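Student: Residues per chain, in single letters:
There are 2 protein chains.
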Amino acid sequence: MPDTAPLIPVLAQIDTALPSALDRLLDLLRIPSISTDPAYAGDCTRAAEWLVKDLVSLGFDASVRPTSGHPMVVATDGEAAGGEGGGGEGGPHLLFYGHYDVQPVDPLNLWARDPFDPMIEETAKGRVIRGRGASDDKGQLMTFLEALRAWRAVHGALPCRLTIFLEGEEESGSPSLIPFMQDNARELGADLALICDTGLFQSRSPAIVTMLRGLMGEEVTITGPNKDLHSGMYGGLAINPIRVLSRILAGLHDDTGRVALNGFYDGVDDLPEEIAAQWQALSFDHATFLSDVGLSVPAGEDTATPLQMIWSRPTAEVNGIWGGYTGEGFKTVLPSKASAKVSFRLVGVQDPNAVREAFRAYVRAALPADCSVEFHAHGASSAGHMSVEHPAFEAVRAALADEWGTPAAYVGCGGSIPIAGYFKTYLGMDAMLVGFAKDDDAIHSPNEKYDVESFHKGIRSWARLLAKLV
Amino acid sequence: MPDTAPLIPVLAQIDTALPSALDRLLDLLRIPSISTDPAYAGDCTRAAEWLVKDLVSLGFDASVRPTSGHPMVVATDGEAAGGEGGGGEGGPHLLFYGHYDVQPVDPLNLWARDPFDPMIEETAKGRVIRGRGASDDKGQLMTFLEALRAWRAVHGALPCRLTIFLEGEEESGSPSLIPFMQDNARELGADLALICDTGLFQSRSPAIVTMLRGLMGEEVTITGPNKDLHSGMYGGLAINPIRVLSRILAGLHDDTGRVALNGFYDGVDDLPEEIAAQWQALSFDHATFLSDVGLSVPAGEDTATPLQMIWSRPTAEVNGIWGGYTGEGFKTVLPSKASAKVSFRLVGVQDPNAVREAFRAYVRAALPADCSVEFHAHGASSAGHMSVEHPAFEAVRAALADEWGTPAAYVGCGGSIPIAGYFKTYLGMDAMLVGFAKDDDAIHSPNEKYDVESFHKGIRSWARLLAKLV
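Going down the list, the protein sequences come from chains A and B. Here the numbering used here = 1-based position in the first sequence + 13. Here the numbering used here = 1-based position in the second sequence + 13.
These are calculated hints, taken from the structure and not from any lab test. Hints may be right or wrong, so weigh each one.
One copy or two, either will do: identical chains are not told apart, so a pair holds if it fits within one copy or between any two.
[Stated by the list, open to error] In silico DMTMM-like cross-links for lysine to aspartate or glutamate, where the CA-CA straight-line distance does not exceed 20 angstroms:
| # | residue 1 | residue 2 |
| --- | --- | --- |
| 1 | Lys-138 | Asp-119 |
| 2 | Lys-481 | Asp-443 |
| 3 | Lys-240 | Asp-127 |
| 4 | Lys-470 | Asp-415 |
| 5 | Lys-451 | Glu-135 |
| 6 | Lys-240 | Asp-305 |
| 7 | Lys-240 | Asp-452 |
| 8 | Lys-240 | Asp-119 |
| 9 | Lys-451 | Glu-134 |
| 10 | Lys-240 | Asp-453 |
| 11 | Lys-470 | Asp-36 |
| 12 | Lys-451 | Glu-286 |
| 13 | Lys-451 | Asp-305 |
| 14 | Lys-451 | Asp-282 |
Bear in mind the structure is a predicted one, so any value in this text is a computation, not a measurement.
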């Protein structure tokens, strides 16, 4: 373990440079890089180009790498690592991953300002960076780049061998990711991947995620009549696809909150006792977690604890539904079609494709006469489990504790970050998930924000972590 | 009964003038008078002005009459009725009702052409007038005006005392109608109202509607979390309002197809035997009626016949549903809100307000913890029953039989045309519903059309009917 002398001036430089770091982040946030909507494809490329330019300024050999979807950004350290603070040739080779694409912004009317005209706001809870992507994931990925910038400003070089790998399709199922990793395995290979796309535990404790839920998405469209009908002329005689879809969705859960698909729980094991005990010790304050979003009662399975509901139990959720007339006023239409977007969070060794087939079989079996169904698959990833055997894990826990003044916890994550599993599968590399988002960041929602504290201490955390690892 | 000599030259004039009558209708169809969307308020007024101008050219004293919503058009015959074919002072005073507003046009992408750029199309089934409002109700109301135009061209005057009353809010619940009728009862009073907003029976037999369903509309919005959430972070723990709404809508019907609201069937009587027998004699071809829209199985109550399902049984239908992410791609949102537009077709003496309260009570009782609900009322009208005691009914049946070569039937109508009941309630006047729409006119749907045959024979039908009545 190297001594910590190189770290002190880097932390000071980070504190000094915070205003300019915030300016850079605001500049990146102004680019509406929504990956799921083809209308923003040009903006995704613009965001990638912005990052390449920034990485080149840090001494990287960086480029925009086309895919059949949105481009990747790959940067390798063109300078030999070294300088007085660097780990030099003997240090580890680290890969850093983040994503520059963001979620759509609707419903736009619920935003207090233009989601792509970000600003620093003073709030009762402190200063926040407001805008789409502020937390997920532009603000988070910039914590790492700013830590490198400060290191280089102080020591004249990057701290160790580094590869930066930034994706532009994380919010749209990452269709290009695996082919790109396979095609560029040699270039992307490193000793350890660092992924910054997660949060603090309960907005207070630094956390390393070791358990991630998988995700399988389906779009389902039920067709009844071959065109929209007048509900006066046909109502009562013709089948209504909204009624059919409602019945199907209502049947997805039983009365105890369990998902009612055949074989859904295959591969779902009870939480090991030692993990359950560790989570119990975290004293998760589910009352506050729920009351922050206007709720009070855990709505999952009767038999699960609140933390299990979001970390270790699988789910079925309807993420969107539409059909018939949805505009102003009233239209007495009996619609031809009704659609829903449904997703399943997966745990253990649940097979996403088996769950997809079980869902489709359930829908087909529930279809009444005269109705047909179309399915459209939207991505599939298995749950992930990080090995904490790698010695870096304990080093990083110590570095995070130094910055935040509280022990770092090994936690679960209800969201799906399949990249961690991909690094292991396709590049044979362990991955570590560290992030600084807070529960009230409103990621994927209107008025997304990232605390200036998350950003500032996040940058400092990476500097401490690099000092421990190199 | 006057002799029919005055009729012959009028029918000839109608045949000769058909091309110019079609031109006039196309002109009216170009005005996008969608009443339910405030963006088209100016176009509604434009349509009213167009009609006033046309009525003035027919010798009427006509004007656009402002309301708190879209304007009414009222025209009275400024000329004394007379001329050689006229009924003169001794004839009946008839009121004609139609509506110049039209339904919204979405989904616009399913239209083969601009809904407000109408044209005459040659089809395998004959010539049709294509465009929004071609059938409902601009094409229908113009049949009456064109009959008057021909009568006046031949005889130099209108056939009898006439009042024309055209509404611009029929497709949006007619909020101004009752106050306007009350405020203008003396001016609108007549011996009999003729309403042209219905169709031929099975697209072949002329029909007089004597039974109309009522309509009650509700918009319901379920709120769970106070903002949209990330389904990874909260999924499994937070209540999902789409899931709640789906369960509520799925519970609206029981397994036999009956509506499962408390007291819903209060005021619903079994069909009288003589009416049931009359309907049986109509030999309703429900297989063709359904197959025209891609269906085969009656989807209503187990115990009802197909004709009863659309004419004499009440219904609950979901006319629209929306919530969460409905755009391109996928967004793993757990939404704050989910909404639906629900309507109930009413029969017998069902009380629309009692049904509304029963619906609201059902929804409130079905709400789980942490969910709230908002309701928005969208109109309410009771079912209507025409008395056929008035001697005009038999005269009109005869006139229609002369034109179409087949007996006119007394039929039901699944749609809601509350105006008929209002004429009785507020003006003490019987009403007769005669129309020429066909089942495949696609009213309220993309690619609405009106057969040139409906338009042409409709005009001729009114001329015959006027000759019988004056």
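Student: Which of the numbered hints are not met once you compare them with the structure shown?
Tutor: The structure breaks hints 1, 12, 14; every other hint is satisfied.
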